[in-house]
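Enquirer: So the chains spell out like this:
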Amino acid sequence: MTHPYIPNAEPAVRAEMLAAIGVESVEDFYADIPAALRLNRPLDLPAPITSEHELVRHMGALLGRNTDTTEALSFLGGGCYPHHVPAVCDEVNSRGEFLTAYAGEPYEDHGRFQAIFEYVSMMAELLEMDVVNVPTYDGFQASGTALRMAARYTGRRTVLVTAAIGADKLSKLHDFLAPDIEITMIPVTETGEAAAFTVDDTVAAVYLEYPNAYGVVETRMAEIAELAHARGALLVVSADPIALGVLAPPATLGADIVCGDIQSLGMHQSYGGGHAGYIATRDEPRLVAEFPSRLFGIAPTAVPGEYGFGDVFYDRTSFALREEGKEWVGTAASLWGITAGVYLALMGPEGMRELGETVLARTRYAMDELGAVPGVRVLHPEGVHFREFAVEVGDADALLTALRAHDIFAGVRLDAGTLLVCVTERHSKDDIDTLVRAVREVRG
Amino acid sequence: MTHPYIPNAEPAVRAEMLAAIGVESVEDFYADIPAALRLNRPLDLPAPITSEHELVRHMGALLGRNTDTTEALSFLGGGCYPHHVPAVCDEVNSRGEFLTAYAGEPYEDHGRFQAIFEYVSMMAELLEMDVVNVPTYDGFQASGTALRMAARYTGRRTVLVTAAIGADKLSKLHDFLAPDIEITMIPVTETGEAAAFTVDDTVAAVYLEYPNAYGVVETRMAEIAELAHARGALLVVSADPIALGVLAPPATLGADIVCGDIQSLGMHQSYGGGHAGYIATRDEPRLVAEFPSRLFGIAPTAVPGEYGFGDVFYDRTSFALREEGKEWVGTAASLWGITAGVYLALMGPEGMRELGETVLARTRYAMDELGAVPGVRVLHPEGVHFREFAVEVGDADALLTALRAHDIFAGVRLDAGTLLVCVTERHSKDDIDTLVRAVREVRG
Amino acid sequence: WDEPIIFELSSPGRRGIGVPEAGVPAVELPAAVRRQAPPALPEMSQLHVLRHYVRLSQETLGVDVNIAVGQGTCTMKYSPKVNDRFVSDTRIAELHPAQPEDSVQGVLEIYWRMERMLAEISGLHRVSLQPNSGSAAIYTNIAMIRAYHASRGEGEQRDQVITTMFSHPSNAACAKLAGYEVITLMPDAEGHPDIEALRAAVGPRTAALMITNPEDTGIYNPRIAEFVELVHGVGGLACYDQANANGILGITRAAEAGFDLCHFNLHKTFSTPHMCGGPAAGASGVAEKLVPFLPGPTVEFDGERYFLDADRPQSIGKVRPYLGVTQNVVRAYAWIMALGAEGLRQVAETAVLNNNYLQHKILQIRGASAPWGRRRLEQVRYSWEELYEETGVHSEDIGVRAADFGVHYWTSHHPYLVPEPFTLEPTESYSKEDLDEYAAILAHVAEEARTDPEFVKGAPYNSTVHKIDPTCLDDPEQWAPTWRAYVRKHLS
Amino acid sequence: WDEPIIFELSSPGRRGIGVPEAGVPAVELPAAVRRQAPPALPEMSQLHVLRHYVRLSQETLGVDVNIAVGQGTCTMKYSPKVNDRFVSDTRIAELHPAQPEDSVQGVLEIYWRMERMLAEISGLHRVSLQPNSGSAAIYTNIAMIRAYHASRGEGEQRDQVITTMFSHPSNAACAKLAGYEVITLMPDAEGHPDIEALRAAVGPRTAALMITNPEDTGIYNPRIAEFVELVHGVGGLACYDQANANGILGITRAAEAGFDLCHFNLHKTFSTPHMCGGPAAGASGVAEKLVPFLPGPTVEFDGERYFLDADRPQSIGKVRPYLGVTQNVVRAYAWIMALGAEGLRQVAETAVLNNNYLQHKILQIRGASAPWGRRRLEQVRYSWEELYEETGVHSEDIGVRAADFGVHYWTSHHPYLVPEPFTLEPTESYSKEDLDEYAAILAHVAEEARTDPEFVKGAPYNSTVHKIDPTCLDDPEQWAPTWRAYVRKHLS
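Protein chains in written order, with our numbering: chain F, 1 to 444; chain U, 1 to 444; chain L, 1 to 492; chain E, 1 to 492.
Please keep in mind that the hints were generated in silico from the structure rather than gathered at the bench. None of the hints are false.
These stretches of chain E come out as covered by chain F in the derived footprint (C-beta under 8 Å, 3 or more residues): (1) 52 to 60; (2) 314 to 323; (3) 346 to 353; (4) 407 to 421.
Please read all numbers here as calculations on a predicted model, not as lab measurements. Backbone N, C-alpha and C define an ideal beta-carbon position, used for all residues, glycine too.
Can you build the whole structure from these sequences, using the hints too?
Expert: Okay, structure coming up:
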């Protein structure tokens with residue numbers, strides 16, 4: 001059988017093409033590859049599954065060994081969040097045209113340019129900042145790049161980073177900022193917020209998360225911004241945009257660079273495959289010059305009133321300048337940007353506000369209810385929490401295992417005694433009550 | 001909240017529109033509906049689920065009470081078949097443009113016209129007949145209409161129908177052919193094929209199924225065609241097109257009208273929602289005149305070489321002639337036609353042949369293996385079987401219930417002692433062995 | 001795209017998909033039934049099949065891409081994407097209809113709940129979701145009417161069915177097919193079906209009245225209860241074609257006007273997608289006295305579990321395989337659940353508001369008119385009679401030109417009782433801006449017709465193909481209803 | 001479509017979707033963090049959001065709709081639709097990455113098996129699927145190189161990375177970012193990177209060679225093993241950029257040429273869709289001595305169950321959240337499983353055949369050339385230098401005109417080392433007929449350039465928009481990277 005994916009593997013066509021070129025066999029094309037470098041045996045791979053049905057069966061058997069979060073009741077968050085994904089988001093991002101397009105120019109891919117331009121524009125409204133990049137890989141990368149941007153902008157080499165940051169993200173920052181940028185941690189107080197700290201003239205940036213790794217909303221951000229600005233440092237804030245229907249945008253509190261992950265805005269959890277990062281700044285040319293990512297902008301065309309699109313300030317990227325460009329740019333996560341745009345357009349200002357209010361209220365409800373269970377202590381109970389909170393439970397592993405038997409994934413393990421519990425608009429009051437009941441039961 | 005499905009329910013827009021029209025309220029538009037006919041209370045319906053997430057949860061809970069044929073091992077057929085549905089079929093028929101188009105004209109919906117024209121054209125090749133209709137509802141309707149066409153064509157009022165037909169289909173034929181056409185049954189022999197019968201001058205049509213309700217392929221069709229033709233009757237055959245990669249097209253054996261269901265060609269089982277009917281004839285104007293359905297044809301345009309499309313012989317339909325048209329025409333099952341076209345294009349002649357060979361071989365294997373189980377008797381073992389066969393099992397209900405506990409749907413119950421077992425390319429040898437082992441076990 | 005016919009894309013030996021090998025001994029077919037020549041299907045790789053159809057889809061104007069107010073009587077509304085997801089879920093898509101009841105409790109519950117909701121919406125007693133479409137539901141209703149009269153020994157006596165000219169053609173056609181003589185009432189000076197004509201028509205031969213209201217004109221017949229009474233008075237049944245129910249949801253029902261039967265189109269009022277012309281889904285509602293005749297089996301609930309009741313001796317039997325077009329039942333169920341009673345009423349009111357607003361805009365276009373005054377519910381059959389008299393441009397020409405602007409436009413069913421007709425039905429799904437744009441397009445084309453009628457007649461200019469010459473489609477020597485016929489007649 | 005910017009479609013009060021109400025007591029936010037003004041997001045009904053994006057999708061040229069051979073170096077191939085289904089299955093889509101291992105055995109097995117298959121395809125010891133893309137994999141490789149040398153106490157000494165001009169810009173950029181001085185080898189007279197220049201460059205400061213082969217020109221460097229040896233000779237590591245692996249699958253591997261590291265792009269060679277520019281997925285392969293430095297955690301198998309091993313003290317740590325772009329790992333796994341060893345070799349051979357066939361056709365066009373002879377594997381960087389000299393039409397103009405015919409066309413990365421470049425890569429997915437059509441389009445445009453150069457320069461004529469004036473995009477006073485900025489600078 002001629003493989004369905006390889007039309008010209010059909011022997012007669014293959015022969016016709018070889019004849020047209022005037023060569024004997026495909027082997028002729030490989031003349032440049034020395035014999036010593038040849039793999040003189042077939043690759044040792046599993047036998048192919050050439051019928052689609054058998055492939056579906058094979059994959060179905062593998063997938064059947066997973067238990068997903070529609071089957072179990074999951075309170076897992078910690079960087080990947082179970083928000084509702086509107087069907088229209090999936091519909092748009094599964095359209096073959098978007099799914100299989102790549103790096104075309106503004107004429108063939110006008111729709112792609114516009115959709116991404118609209119995404120950055122909607123993010124700009126949510127963030128109240130004028131410049132937002134075409135998505136980078138994920139929130140980790142966005143934070144790393146935002147800090148590097150601050151270092152380049154200030155010409156300084158130290159960054160102060162909140163300790164209320166996930167361990168994995170911090171690991172990435174360490175690797176990415178090495179060798180030339182030093183990280184100093186800002187401790188966390190009993191309320192879950194950043195403790196007092198000082199800024200000196202070597203500091204490029206103060207970095208906060210909003211909400212932070214404990215789900216706590218930093219309420220002293222404006223103050224911290226002043227502190228940083230007074231010594232010429234920038235305030236860099238990683239913010240989850242899903243919260244900004246109710247939380248003040250960091251820019252209005254003094255943040256200079258805002259960054260984060262947009263997985264919450266319409267991406268499935270997908271075992272960690274739904275991430276994309278954003279970076280936003282004010283429209284200050286010196287700051288814009290530090291973006292490594294592509295920026296799309298509106299441009300006039302030969303027809304008045306028509307909108308064309310193109311790259312803003314292309315000559316700062318590695319595509320244009322190789323190692324003289326800013327960091328590097330490559331294929332990142334555009335489709336998740338388009339999807340997040342669809343999400344924001346569906347939600348509108350009211351939807352974002354309502355969602356924020358629902359999450360705030362249910363998080364607090366879960367904190368109160370879980371906190372009332374004997375032997376469970378909610379951390380930072382005085383803090384403002386959005387979506388997450390940490391609880392001390394004694395033996396975290398034992399509790400997780402016991403609840404797993406109830407088909408509950410109770411939370412992300414922070415350490416031997418602490419869990420991080422996540423509550424979104426997908427968790428109804430009943431779901432929270434189910435968790436609380438189960439915790440009472442297994443601890444009773 | 002303004003409902004997401006009703007943009008102009010937004011109060012300000014509504015007021016603006018009313019003002020533009022110059023009326024006080026929407027109530028003014030209803031002035032023609034007398035007070036006595038008004039429903040002066042809200043409809044008594046369940047409270048709305050206005051958030052999409054909660055709707056998804058609600059539906060998920062309902063769907064969760066189903067166990068589908070990817071979870072259980074199903075040998076159910078009997079008119080609705082578990083063939084593999086290529087992903088490209090789903091991809092095409094879920095494209096929003098096709099999914100939400102309707103009855104547009106050839107200019108707005110050129111693609112729809114072409115896709116349906118191509119479907120009928122591919123069916124024509126498979127059937128070796130020149131005229132195929134835009135799909136009617138299902139195979140039941142196709143058989144009913146085909147028989148009515150034969151009656152109108154011959155001006156006669158009796159049809160001879162094989163007894164190897166499903167009970168439900170026969171019920172539909174009785175209702176649909178009443179009051180003016182009489183059905184006489186042709187008995188079935190020990191081989192599962194039609195027994196000898198005579199045709200007289202009142203007979204409009206002889207009707208066979210191919211394969212028939214026992215999965216048996218009628219091998220004397222050419223003979224029967226001669227018998228019918230000799231007395232001026234037509235041979236009408238309901239054929240499952242999935243078999244025609246290996247079975248001779250009925251037209252080549254003398255059939256005048258061929259009809260059937262195309263669910264096998266790329267439609268999911270969907271609890272009986274995947275059906276569509278086809279009717280095919282030779283290109284004889286008197287026969288074509290008897291189609292109630294729409295027929296799409298190629299027409300030239302103002303630009304040489306360009307293909308346009310339109311309705312062939314529209315002035316026979318009820319759209320054109322109301323009660324003077326042939327039967328009726330309305331919205332039927334076009335999207336399943338397009339899907340079947342995609343299926344046939346993917347499969348090609350070789351794919352259809354290979355599929356037929358696989359089904360033939362596995363059906364026979366299942367017959368042999370099941371037949372070897374003590375207490376199980378395969379009916380019509382000498383017949384040529386495609387995809388289905390009947391087995392006597394003693395107490396059918398008891399066996400079904402026992403196998404259900406093994407997550408096996410063993411077959412469609414034909415009567416208290418008989419099951420109809422279906423084997424397609426989706427059933428691997430292992431699946432068949434699993435069934436046989438389970439039957440042995442529960443009967444052991 | 002200038003996309004060839006699929007056979008032109010074929011190249012020998014290519015394949016679009018692989019098929020499992022048997023893995024067990026092959027079976028040799030007897031020569032009598034063995035296919036001799038392979039079918040001349042296209043041979044293409046998978047990408048090429050996909051690309052062909054994706055391009056064709058882009059040449060098709062679904063609701064998802066256009067302002068679909070131009071196909072009056074079709075109730076083109078938004079079909080929520082989330083509802084499609086339920087249908088593609090394997091727990092619907094991969095259910096076999098003969099599965100044991102314990103394995104299909106969820107889908108049976110949806111059927112059961114949907115039936116109750118439609119019963120409430122119509123006010124009738126029970127509802128069958130088995131019919132494949134609105135027309136199939138009409139036929140189902142006729143079949144039940146026939147069975148009802150037969151059960152009372154009046155089957156032969158009652159051999160006439162009365163309908164109206166602005167009811168869908170299937171009412172007439174199905175009645176005829178079921179063996180009835182058809183009497184069609186014409187509109188009176190008000191645009192209502194003529195009640196005097198009805199008075200003259202009813203009698204002992206009357207089996208039923210099959211009537212739409214509001215009719216395809218969009219006009220509601222305020223004397224509908226009198227129509228029903230007249231028919232009841234002679235022992236006939238009254239059957240309500242509610243294909244156009246969108247404007248009256250929660251406002252008035254079949255029950256209040258006294259109807260014995262009605263039908264809905266789930267693919268119109270209840271939002272299921274139109275799928276290029278089906279699969280659709282119909283629903284037949286009946287008053288208590290007609291319940292025994294419903295198609296079987298019915299879905300029942302004993303308080304604990306849902307089950308199928310096939311033991312219905314007076315039933316007309318099956319009207320299709322299995323229970324119904326399940327996908328559309330699921331979608332329509334989810335749609336109603338997302339709206340509730342208040343939402344349905346907003347649907348109706350907004351559909352009517354949109355229609356009246358659009359009418360207000362259309363009637364400002366010189367040359368456009370709407371016969372019989374402005375009282376309309378959810379749609380309007382308009383006329384370009386004045387424009388035609390002034391310019392010689394037909395309604396059909398205007399429709400073709402409208403295609404250049406990326407919108408649909410439908411004239412009407414034959415016969416053109418309204419001269420140079422066109423029928424618009426905006427439903428609740430479109431915004432004021434959409435309606436303004438649609439009206440502006442028609443105003444623009446009407447202006448073109450006045451300034452350059454030949455230009456309009458030469459349309460389309462912006463479509464995939466140019467003006468079609470349809471003459472060959474009615475000529476048996478030339479028509480080509482398949483590629484096979486085309487090749488034989490035109491290419492060889 | 002003449003589709004407005006989405007903000008222009010907004011109307012106050014409209015909504016696209018409903019959100020669950022809290023159902024528990026509300027929480028009052030402190031003023032310090034309470035949002036004051038609602039964000040100026042669009043307010044639209046659901047259909048209108050959908051319609052807007054469906055129209056934009058139709059204005060985007062994916063592989064599914066065009067002959068995508070014009071984006072050289074991108075390996076635009078068919079991404080099988082069936083593989084998308086696995087990814088949208090809730091058993092992938094709704095998995096949280098922190099679930100207990102027993103609940104994710106299936107996905108872990110896919111990661112594990114995929115890693116083994118890529119190890120075999122590269123010949124290297126282990127493979128990390130964590131990197132987000134090819135460029136991210138390059139950075140990951142650099143980070144491992146850095147960690148390796150540091151572990152041996154040579155971190156400070158080895159501060160140079162050598163790459164070549166026809167390797168992807170990310171090799172240079174990532175090395176620089178990681179703190180290295182970058183040395184770039186230029187091509188010699190044959191089109192190969194200059195081995196003499198390499199000899200001059202290597203030394204005790206050499207950390208690594210980062211090299212593509214075949215390079216972006218499509219030319220395979222036959223002395224690649226010597227390159228590797230030279231670098232090894234001075235204690236450096238050799239890292240193979242295999243973004244362009246499509247032509248050599250099963251023919252030759254990183255291991256045979258002696259490389260220590262390599263990377264693949266799953267979204268190129270292994271068929272995952274390009275998604276408008278990601279999410280993509282990269283894979284970093286390493287020889288045994290570099291295994292300790294792989295990003296963590298790794299997926300391991302104890303013969304019974306799959307588990308994550310995070311206890312890797314020398315690991316460079318996380319390069320992204322969680323294990324990788326799971327969707328693309330699943331798709332690529334299914335793609336390889338559908339092809340097997342023989343299929344992959346057919347992929348390679350056919351990609352190379354297609355490229356040479358297309359080259360044969362392109363070089364018949366007057367004005368087109370390919371520097372450095374005809375020896376090419378899977379792509380060719382061509383030149384319109386002759387055509388430009390004759391007509392004054394730039395390669396970029398030709399690309400814009402090609403868009404009128406519904407196809408892509410890409411010049412190359414800066415700098416334009418090949419004058420008036422264009423880069424075509426047909427992969428295995430396209431048919432002979434596709435290649436003929438693409439070549440015919442370019443031949444047609446070249447002819448237009450000769451007969452009417454101004455016409456070509458005025459393109460596009462058939463695109464959504466007309467010729468764009470890009471000057472404002474580089475002017476800080478005028479650039480508008482968001483609608484907000486545009487409104488401020490141009491509309492107020």
